[in-house]
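Q: As a plain string of letters, each chain reads:
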Amino acid sequence: MANYFNTLSLREQLAELGKCRFMHLDEFTEGVDALRGKKMVVIGCGAQGLNQGLNLRDSGLDVSYALRAEAIEQKRQSWKNATENGFTVGTYDELLPTADVVLNLTPDKQHTSVVNAIMPLMKHGACLSYSHGFNIVEEGMQVRDDITVIMVAPKCPGSEVRAEYVRGFGVPTLIAVHEDNDPNGEGLALAKAYAVGTGGHKAGVLMSSFIAEVKSDLMGEQTILCGMLQTGSLLCFDKMMEEGIDPGYASKLIQYGWETTTEALKYGGVTNMMDRLSNPAKIRAFDLAEEMKDIMRPLYWKHQDDIMTGTFSQTMMADWANDDVELLGWRADTAETPFEKTPAGDMEISEQEYFDNGILMVAMVKAGVELAFETMTSAGIIADSAYYESLHETPLIANTVARKKLYEMNATISDTAEYGCYLYNHACVPLLGDFMKDITSDVIGKGLELDDNGVDNARLIEVNAAIRSHPVEQIGGVLRGYMADMKRII
Amino acid sequence: MICLDALSVDFDGRFQLHDVSWTIQPGEHWLIAGANGSGKSALAAVLAGDGQGLSGTLSGLPDRVALVSYERQAELIEAERRKDDADILDVISEGTPAAEIIDAVCQDHDLAQTLIDTLGLRPLMGRAFRKLSTGETRKVMLIRALTSRPELVVLDEPFDGLDHDSLMWLQGHLSVLAETVPMVIVLNRFDECPEFITHIAYVDDGHLLHQVKRDDERAFAELYQLLHLKTSELEVPRADPADRLPALNSGDPLVRITGATIRYDENTVFENLDWTIEANQSWQVSGPNGSGKTCLLSLITGDHPQCYVNDIRVFGFQRGTGESIWQIKQYIGYVSTALQWEYRVGTGLRNVIISGFFDSIGLYTKSTETQRAIADDWLALLGMAERADEPFNSLSYGDQRLVLIARAMVKHPPLLILDEPCLGLDEMNRHLVLALIERICASSETAVLYVNHRSEDRIPGIDNHLTLSGDTAS
Numbered sequence: 225m226a227n228y229f230n231t232l233s234l235r236e237q238l239a240e241l242g243k244c245r246f247m248h249l250d251e252f253t254e255g256v257d258a259l260r261g262k263k264m265v266v267i268g269c270g271a272q273g274l275n276q277g278l279n280l281r282d283s284g285l286d287v288s289y290a291l292r293a294e295a296i297e298q299k300r301q302s303w304k305n306a307t308e309n310g311f312t313v314g315t316y317d318e319l320l321p322t323a324d325v326v327l328n329l330t331p332d333k334q335h336t337s338v339v340n341a342i343m344p345l346m347k348h349g350a351c352l353s354y355s356h357g358f359n360i361v362e363e364g365m366q367v368r369d370d371i372t373v374i375m376v377a378p379k380c381p382g383s384e385v386r387a388e389y390v391r392g393f394g395v396p397t398l399i400a401v402h403e404d405n406d407p408n409g410e411g412l413a414l415a416k417a418y419a420v421g422t423g424g425h426k427a428g429v430l431m432s433s434f435i436a437e438v439k440s441d442l443m444g445e446q447t448i449l450c451g452m453l454q455t456g457s458l459l460c461f462d463k464m465m466e467e468g469i470d471p472g473y474a475s476k477l478i479q480y481g482w483e484t485t486t487e488a489l490k491y492g493g494v495t496n497m498m499d500r501l502s503n504p505a506k507i508r509a510f511d512l513a514e515e516m517k518d519i520m521r522p523l524y525w526k527h528q529d530d531i532m533t534g535t536f537s538q539t540m541m542a543d544w545a546n547d548d549v550e551l552l553g554w555r556a557d558t559a560e561t562p563f564e565k566t567p568a569g570d571m572e573i574s575e576q577e578y579f580d581n582g583i584l585m586v587a588m589v590k591a592g593v594e595l596a597f598e599t600m601t602s603a604g605i606i607a608d609s610a611y612y613e614s615l616h617e618t619p620l621i622a623n624t625v626a627r628k629k630l631y632e633m634n635a636t637i638s639d640t641a642e643y644g645c646y647l648y649n650h651a652c653v654p655l656l657g658d659f660m661k662d663i664t665s666d667v668i669g670k671g672l673e674l675d676d677n678g679v680d681n682a683r684l685i686e687v688n689a690a691i692r693s694h695p696v697e698q699i700g701g702v703l704r705g706y707m708a709d710m711k712r713i714i
Numbered sequence: 022m023i024c025l026d027a028l029s030v031d032f033d034g035r036f037q038l039h040d041v042s043w044t045i046q047p048g049e050h051w052l053i054a055g056a057n058g059s060g061k062s063a064l065a066a067v068l069a070g071d072g073q074g075l076s077g078t079l080s081g082l083p084d085r086v087a088l089v090s091y092e093r094q095a096e097l098i099e100a101e102r103r104k105d106d107a108d109i110l111d112v113i114s115e116g117t118p119a120a121e122i123i124d125a126v127c128q129d130h131d132l133a134q135t136l137i138d139t140l141g142l143r144p145l146m147g148r149a150f151r152k153l154s155t156g157e158t159r160k161v162m163l164i165r166a167l168t169s170r171p172e173l174v175v176l177d178e179p180f181d182g183l184d185h186d187s188l189m190w191l192q193g194h195l196s197v198l199a200e201t202v203p204m205v206i207v208l209n210r211f212d213e214c215p216e217f218i219t220h221i222a223y224v225d226d227g228h229l230l231h232q233v234k235r236d237d238e239r240a241f242a243e244l245y246q247l248l249h250l251k252t253s254e255l256e257v258p259r260a261d262p263a264d265r266l267p268a269l270n271s272g273d274p275l276v277r278i279t280g281a282t283i284r285y286d287e288n289t290v291f292e293n294l295d296w297t298i299e300a301n302q303s304w305q306v307s308g309p310n311g312s313g314k315t316c317l318l319s320l321i322t323g324d325h326p327q328c329y330v331n332d333i334r335v336f337g338f339q340r341g342t343g344e345s346i347w348q349i350k351q352y353i354g355y356v357s358t359a360l361q362w363e364y365r366v367g368t369g370l371r372n373v374i375i376s377g378f379f380d381s382i383g384l385y386t387k388s389t390e391t392q393r394a395i396a397d398d399w400l401a402l403l404g405m406a407e408r409a410d411e412p413f414n415s416l417s418y419g420d421q422r423l424v425l426i427a428r429a430m431v432k433h434p435p436l437l438i439l440d441e442p443c444l445g446l447d448e449m450n451r452h453l454v455l456a457l458i459e460r461i462c463a464s465s466e467t468a469v470l471y472v473n474h475r476s477e478d479r480i481p482g483i484d485n486h487l488t489l490s491g492d493t494a495s
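Chains A and B, in that order, are what the protein sequence lines are.
Residues 225 to 714 (my numbering) make up the first sequence, in order.
Residues 22 to 495 (my numbering) make up the second sequence, in order.
It should be emphasised that the hints constitute simulated quantities derived from the structure, not laboratory data.
Because the structure is a prediction, the values reported are computed rather than measured.
One thing to keep in mind: the hints can contain errors.
Claimed, not checked - Computed list of lysine-lysine pairs in DSS-like fashion (alpha-carbon distance at most 25 angstroms, straight line):
hint	chain 1	residue 1	chain 2	residue 2
1	B	Lys234	A	Lys262
2	A	Lys661	A	Lys565
3	A	Lys333	A	Lys299
4	B	Lys350	B	Lys387
5	B	Lys387	A	Lys490
6	A	Lys299	A	Lys463
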């Protein structure tokens, strides 16, 4: 199989990368009609598989689960999940020949074997749905011509997908149709109905393409989302140890600091996050971020280039073929880092203190978000996609660090994201080595501790203007406006 | 120290106080509160020696207890009338002048004169007591009480019918008197509660249910709310006329469960259960922990995934035939401890109640003017009108429960499910919740499905019972 993206002409590549549109609620008035009465069969009964299935069934759709014969015979967890929830369970042979829509909700690395196994069993004109485009775009999976291929990707873990549905809401969801596999032109209608069935339409649906989803998703998760948080956590912790800060305090400041500071990002973008700092601290964070952006820019470019050319996926697939030796080794190394091994202290840190004493962390988030966004858009990814895969998701990932540090983050994200995160971290830690030498506890651990918070007017105006006029803030303002319209009134 | 110990008192067979234990320490001033007919006046009258003790003891009452109450007022007027009837002379009886009525018990003539002037009674002093208006006789009664050098003052609704000036004066006078004389005041409304009151006694159905210290702000607020729910003349708010539920077939039962079984692994929660709930038919479901009460309910609400493998017909939908869960939920109002745990939102109370129109946890849809007005009516009924924008998650546990009950009822569903609605609540909040449920049950056509394991938490009007025993249902 050849990398699908690389088979396209530059024009086609750019057209696909440029697809991303926030859909309005009134585009979903047909509800689940396109799927009503159709037989939906889910492959994979993990968190996504089970919870999406529960939602779809509660939306009035016919859902059953196809498991491998040995999973059924041995009554494995996936079998238990499906049967205890009252679903029909059968083997591929039993269920797939009559399925109208097959939902492939297995992990990326199983896609090739799963799709090869199910394709011969699927009936003519059926639909195959993915929740991530890696298999199609990077591995170049060729799906039978008569089969419609769509993607419906809830942008949250499976448990959230269910919890939000039960509350009467949903999670933001990305949908796409693989243009090469839309023989009856019904792909979009099916994807929309599926998004309604999981409740996603209530929280906002982005219509994108397989390619834009893969290339922006990989870039975001490797760099700002997971990579930057990992590198930032390790560097900031080591620096605080060097500066004699209490280890428990340092550990806590980082573990919860990402979540607290990026919460401000969620509400009002980089501008609001920076506005939470005092004026002198804001100028300091701005300068640090500018410096880091210059240092890290080539790294961001390299990641994006490797993603675009397929070098990244090739490297990772080689590790898949080698029993994940690299991934597992890097995972073990992360567990041994001082930050990971030092438990958070039980001291109180106020919400504002996370900003005041974490100026460098704020600067890292700003630098990472802006660089990832700039890099993606300069590579042809539309601003909307770039926004979602950088700024929008940062608080979600920061939240996993707060739960159980880097271990939880890497456990929650996909293996693909985790692999990319380590690649970034290995390059970024040494890259920032010299920069970190000049850092002291005034920007990480202690705060500026100034007697006078005065700043130069002209300089402040200049810094504020630069923050507010960044393109990620422009598109962010528009998209957050859409989201607020339909989103939780609370 | 006045001490009532397990005291039961009968009032001419018309009313009884039961098993009252109450201590009034020196320096305490009590307010007695309760709904009409609860026995608060009776409790006050006991302090003045009224009623026939049936059991228990009453000790420490001082000799001179001054009681002002409608009952005392009526007695005095009745006595005057009898004097008139007994008059055998063929002259028109004028009755006893007001001045003499006061003099009969007066111990402080200077004070009496001041009071007569202050309350504007001077021109009426020569007039017959029984010819005075109700407000005027009430003032005379007050003067009698206050000038009798009382050792305990018991005032039953003393502010009722007083004009503003008199009211202000009386309140001022009482607060001075309170420095030397203990007071017990019966009031219908807390907002008239004088500053000097130190304790509140809450009476319901002849029982002294709650005793609360004035400075315990939380308990005071809860008691306020309970009294409000018991006494408010507000109606249960109407449904939203613009948001009518799709009509149900009138002959159909709301729920029909046939041969239901719930099983996890080898563990059977219940099996072969049949149950039909007709429209407007209320049920109480009981059974020990683990007998499957909540499971059974969630088969109806659709929250139990095994509802798809059982024969269940709800609101005209055979489950598992393409209906959505929201089509089911629209007919159900639902309250449980689990829901309260799920409902962790910082949104305001008004929005929480409005979310009941959408069966959502949190509010994701723009509400209408009417929906907001209905939500505010509910808050007024709950005595929380001022708190519409307070964040839900900052409320006490009991208040959250009340708001969730209002949320469940806001759309006037055909079926209201209350799964252990008093679970985890203290006595006061239990009474609050029951008071609210009782009001709802009395004023709507909703069938109530009430689950509990405390037999004393009965709700009047629920006469069908389903008992789950743990292995078989009956």
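Q: Confirm or reject each hint.
A: Status of the hints after comparison with the structure:
1. B:Lys234 <-> A:Lys262: 65 angstroms, violated
2. A:Lys661 <-> A:Lys565: 23 angstroms, holds
3. A:Lys333 <-> A:Lys299: Cα-Cα ~23 angstroms, so holds.
4. B:Lys350 <-> B:Lys387: 19 angstroms, holds
5. B:Lys387 <-> A:Lys490: Given pair lysine 387 (chain B), lysine 490 (chain A) holds - Cα atoms ~22 angstroms apart, limit 25 angstroms.
6. A:Lys299 <-> A:Lys463: 50 angstroms, violated
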